[in-house]
Amino acid sequence: KQEVTQIPAALSVPEGENLVLNCSFTDSAIYNLQWFRQDPGKGLTSLLLIQSSQREQTSGRLNASLDKSSGRSTLYIAASQPGDSATYLCAVPNSGGSNYKLTFGKGTLLTVNP
Amino acid sequence: NAGVTQTPKFQVLKTGQSMTLQCAQDMNHNSMYWYRQDPGMGLRLIYYSASEGTTDKGEVPNGYNVSRLNKREFSLRLESAAPSQTSVYFCASRRQGGETQYFGPGTRLLVL
Numbered sequence: 021k022q023e024v025t026q027i028p029a030a031l032s033v034p035e036g037e038n039l040v041l042n043c044s045f046t047d048s049a050i051y052n053l054q055w056f057r058q059d060p061g062k063g064l065t066s067l068l069l070i071q072s073s074q075r076e077q078t079s080g081r082l083n084a085s086l087d088k089s090s091g092r093s094t095l096y097i098a099a100s101q102p103g104d105s106a107t108y109l110c111a112v113p114n115s116g117g118s119n120y121k122l123t124f125g126k127g128t129l130l131t132v133n134p
Numbered sequence: 005n006a007g008v009t010q011t012p013k014f015q016v017l018k019t020g021q022s023m024t025l026q027c028a029q030d031m032n033h034n035s036m037y038w039y040r041q042d043p044g045m046g047l048r049l050i051y052y053s054a055s056e057g058t059t060d061k062g063e064v065p066n067g068y069n070v071s072r073l074n075k076r077e078f079s080l081r082l083e084s085a086a087p088s089q090t091s092v093y094f095c096a097s098r099r100q101g102g103e104t105q106y107f108g109p110g111t112r113l114l115v116l
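From first to last, the protein sequence lines are chains A and B. Heads up, the first sequence is in my numbering, so the first residue is 21 and it goes up one at a time. Heads up, the second sequence is in my numbering, so the first residue is 5 and it goes up one at a time.
Chain A extracted, bound-state conformation:
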């Protein structure tokens, strides 16, 4: 059974700092890995999706990397802003096709202080 772990559970940083969030998974036979953002009291929004054949994916100040062999992914946020404060979750699918289901980590709660 796939297990996804995120470290740290919570992180507080001053504005402007670069930071890294970590995600690890036990079964390296994944199709892709996704990073989501969840604002307080809201649903999840997809940030980045990395295919299993890719090493990294970038969107603005966000960069996600994937190392399948070691079962790890990182989300790098450059020049953090208070608006980045949210919970960040990573997720991996258990299989492809019509039975596509995601296993989520418990998330990292990020607070960026002005």
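Hint data in this document are derived by calculation from the structure and do not stem from the laboratory. Be aware that a few hints might be false.
As the list claims (entries may be wrong) - Computed list of lysine-lysine pairs in DSBU-like fashion (alpha-carbon distance at most 30 Å, straight line):
#1 B:Lys61 x A:Lys62
#2 B:Lys75 x A:Lys121
#3 A:Lys121 x B:Lys13
#4 A:Lys62 x A:Lys126
#5 A:Lys21 x B:Lys61
#6 B:Lys18 x A:Lys62
#7 B:Lys13 x A:Lys88
#8 B:Lys75 x A:Lys62
#9 A:Lys126 x A:Lys21
#10 B:Lys75 x A:Lys88
#11 A:Lys126 x B:Lys18
#12 A:Lys126 x B:Lys13
#13 A:Lys121 x B:Lys61
#14 A:Lys126 x B:Lys61
#15 A:Lys121 x A:Lys21
#16 A:Lys21 x A:Lys62
#17 B:Lys18 x B:Lys61
#18 A:Lys88 x A:Lys121
#19 B:Lys61 x B:Lys75
Dock chain B against the given chain A, drawing on the hints supplied.
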């Protein structure tokens, strides 16, 4: 497009009461999902529907039933609510062949 919508936004039930959580999507997606999110437990899949007319159990299906009413709508029913079902419930959808799930805003349920 409204995306994925959920009703109600918040509900308080007494133990033993029943209720149905509604979910609808206007993106013509094939697959739909119900999750619950609890502190310290993360998001866990309750039921999913790979396509209209099919439903399957997820990780935590006990105490719940689902109905895929049509391609747009996927409802979650609690027949006899228990305090352990106090949670935030999220519905999500995914297009055929797609890899991204789109989430609704959630329903916050309190069972007393």
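Hinted pair Lys18 (chain B) and Lys62 (chain A), Cα distance within 30 Å: 25 Å, holds
Restraint check for Lys21 (chain A) with Lys62 (chain A), where alpha carbons must lie at most 30 Å apart: Holds - the C-alpha atoms of Lys62 (chain A) and Lys21 (chain A) are around 28 Å apart, at most 30 Å.
Given pair status - Lys18 (chain B), Lys126 (chain A), alpha carbons within 30 Å: With a Cα-Cα distance of about 29 Å, the restraint between Lys126 (chain A) and Lys18 (chain B) holds, given a limit of 30 Å.
30 Å Cα cutoff - pair Lys18 (chain B), Lys61 (chain B): 25 Å, holds
30 Å Cα cutoff - pair Lys21 (chain A), Lys61 (chain B): 16 Å, holds
Hinted pair Lys121 (chain A) and Lys61 (chain B), Cα distance within 30 Å: 11 Å, holds
Pairwise hint evaluation, Lys121 (chain A) against Lys88 (chain A), where the allowed Cα distance is 30 Å at most: 19 Å, holds
Restraint check for Lys75 (chain B) with Lys121 (chain A), where alpha carbons must lie at most 30 Å apart: 18 Å, holds
Pairwise hint evaluation, Lys62 (chain A) against Lys61 (chain B), where the allowed Cα distance is 30 Å at most: 25 Å, holds
Pair hint Lys62 (chain A) and Lys126 (chain A), alpha-carbon separation not exceeding 30 Å: 16 Å, holds
Lys121 (chain A) paired with Lys13 (chain B) [C-alpha distance capped at 30 Å]: 25 Å, holds
Proposed proximity, Lys62 (chain A) with Lys75 (chain B) (alpha carbon, max 30 Å): 24 Å, holds
When held up to the earlier numbered hints, the structure conflicts with 7 and 10 and fits the remainder.
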